[in-house]
Amino acid sequence: MEALDLARIQFAFTISFHILYPAITIGLASYLAVLEALWLKTEKEVYRDLYHFWLKIFAVNFGMGVVSGLVMAYQFGTNWSRFSTFAGSVTGPLLTYEVLTAFFLEAGFLGVMLFGWNRVGPRLHFFATVMVAIGTLISTFWILASNSWMHTPQGYEIIDGRVIPVDWLAVIFNPSFPYRLTHMAVAAFLATAFFVGASAAWHLLRGNDNPGVRKMLSMAMWMALLVAPIQAVIGDAHGLNTLQHQPAKIAAIEGHWSNDEPGPTPLILFGWPDMEREETRFAVEIPVLGSLILNHSLTEPIPALKDFAPEDRPNSTVVFWTFRIMVALGLLMIFTGLWSLWLRWRGRLFQSRAFLRLVLAMGPSGLIAILAGWFTTEIGRQPWIVYGLMRTRDAVSAHSVTQLSVTLVTFVVVYFFVFGIGLVYVLRLVRKGPVPHEGRETNDGGAGRPRTPARPLSAPEERVDEG
Amino acid sequence: MGIELSLIWAVIIAFSVMMYVVMDGFDLGIGMLYPFFRERGDRDVMMNTVAPIWDGNETWLVLGGAGLFCAFPVAYAVVLSALYLPLMFMLIGLVFRGVAFEFRFKASEHWRHVWDKAFIGGSLVATFAQGVVLGAFINGLPVEGDQFAGGSLDWLAPFPIFCGFGLVAAYALLGCTWLIMRTEGPLQERMHDLARPLALVLLAVIGVVSLWTPLAHGAIAERWFSLPNLFWLMPVPLLVLLTFQQLLRSVARYDNAKPFVLTLVLIFLGYAGLGISLWPNIVPPDVTFWDAAAPPQSQGFALVGALLIIPFILGYTAWSYYVFRGKVTHDQGYH
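Sequences listed follow chains L and X, in order.
Basically the numbering used here = 1-based index in the first sequence + 4.
Basically the numbering used here = 1-based index in the second sequence + 815.
Since the hints were made in silico from the structure, they are not lab data.
All values reported here derive from a predicted model rather than from experimental measurement.
Keep in mind that the hints are not guaranteed to be accurate.
Calculated cross-link-like contacts (lysine to aspartate or glutamate; reagent style DMTMM-like; alpha-carbon spacing at most 25 Å) [to be verified]: (1) L/K45 to L/E6; (2) X/K932 to L/E466; (3) X/K1142 to X/E1037; (4) L/K48 to L/D213; (5) L/K310 to L/E265; (6) L/K436 to X/E924.
Just need the whole structure built from these sequences, with the hints factored in.
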């Protein structure tokens, strides 16, 4: 294996681990804002109980995201030094804004949100929750602006072999940014909804039935019903945008090699794109559908991989499959939402064991779909790191295979240990479930109170292990 | 305009790193003192003195990293890729320590010793790696065409390794004097006893670094020993000696807060001394911060956000230190 491959695997590994935490943080922050709004409006205790239950899980998640994010702030320089020199004047400031936003959030409102329930008025507390929710979305904004610029760069000049930003508005609002931002934000909401839904299903399956658990499942399934189809529409629009700006990625996703035969492109459902043989083997295809989906046309073919020089093609074998995993999970989410509507109508939403088992199994579906989607778009951008401007192999730092192997192995061991325990802890909190009236005994502390610090992870008091 | 922006950013980054060294320094130092205190109650108190504030301390490290990326991308690229291995070990150490911090409080009796060891190990690895990074940085990083041109194990040299041990001593002293200020009774007494040998070790370290760097680097010798610089810069080493003398006296008199303040002065003088040796290089020996600067469009754009938010972070930091001031005792839990 080459040093370049190892550097890519290392980056993929650390950022894949990292993204799971922010995704749930973004979703839970907005969920908490909704719960608190409902509590203030209806004064039904179930909303307050749910707020305090999910607040603890939010806090642990936030803490884990901060710890894994520390590593990301350094990975660009350590592993991609040539990229940092070339494009740092664009991606550096965007990343700095993300860091500043996150700190502003943590400094200003997180403490009030986590520990201020009894210390500030209900409206001010709600304001803090809303600010944290907005803050997570602003962080998403900066990160996706930076990432989207790497896919569809504009608003720059190249002087002496380095990128110089000329127009920041053009840099930030680059062509793929609106699609990527909405797609990711909605994905975070959906991933959270399915995580919340699965938690409820687990409790219901074990006979732990209370109003809080039911409310969780009900809200999660409304999200699935309404938002999963919207996500499909956004995804379709994102795909059309990609077709316009990165046709090679679309060709690789579709495993479509050649337009030698005229006429519309079929949609390959399954197959094995073979980069050596330049064909998709064992293809099961539906005629015309490829053209219909991507060009909204019955005749016009989609781009083919052979239109691009071999060194300019992304790895079709990988993105073909990651894309299909993402889409399949998305379709399953839509199906789950529809089934929930049917059961709701029949009054059996909380009783149907088959349905609850499906919801439980779908718990990680949103997170897996997010990872599959990111793998598709990032591997689909290859061989470029900044599309059309810099190749990934020209961006990597000159580290040896040995160095990269040693650090990669260390990262894998440490991450599985540290974040494995984090996951166990989150699941332990979930397993306790929302307890009726738990919102009455709130965690009073934080800065200003002698007994509890304002660290996210000090919000839950439960033990991490048995005993 | 470009030069002023670069200067402002250089100051912001130097300030962030300084804040980081001072603040994370004492809580990393506590990890290093842990092996000397085996009793559970003592360890709880020690950790409780920093529990409410430690995570804010690392803020400055992230800010320094992001600031360097945005304002001096060339320096970010060169320094981080040149010091790849020690930086990775530093990050892994910090991850370990951060999580140990939290889960130690949430662990049962049976598992707590595992988190104690993770805390000690993480603190030691992170500190030693930071010292190595510093030493290798002072030694200089060869640059060609805006990229690091040296070997991947250049940092594995006597001077960086020495700096690694040196920083362990410095942070241990910071942690020790911090604990003198924040604890009482027998625990505080034992800290007083530890402070003197630690201070003497640090004095030796500073002495060795002060001799080693000018002997090894002509430019640094030139900076300090040429006329009229010699007269202008003479106060720095004199102040260091004076501070040491005061520190030893203050420890011997069982002062409360003074040893910590004097240690901070010492760290600050050491930092200033390094600044004098290296100015205006952002990648020694010959890349200045002007050479490494991002275009003014980038520096200016990010500066708006930095100037808006940094005062806010400073204010919040000061407030949380104020709130959690005073002695920590055995019956008080911060978790």
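Each hint, compared with the structure:
Taking the CA atoms of L/K45 and L/E6, the gap is about 59 Å. The hint is violated against a cut of 25 Å. Of the pairs offered as hints, the one joining X/K932 and L/E466 holds, with about 22 Å between alpha carbons and a cut-off of 25 Å not exceeded. Our distance criterion of 25 Å between C-alpha atoms is broken by X/K1142 and X/E1037, whose separation comes to about 47 Å. Distance restraint check for L/K48 and L/D213: the Cα-Cα separation of roughly 18 Å lies within the 25 Å cut-off, and the hinted pair is therefore satisfied.
The straight-line distance between the Cα atoms of L/K310 and L/E265 is roughly 13 Å, inside the 25 Å bound, and the hint therefore holds. A distance of roughly 21 Å separates the Cα atoms of L/K436 and X/E924; the hinted pair therefore holds under the 25 Å criterion.
Of the hints listed earlier, those the structure fails to meet are numbers 1, 3, in rising order.
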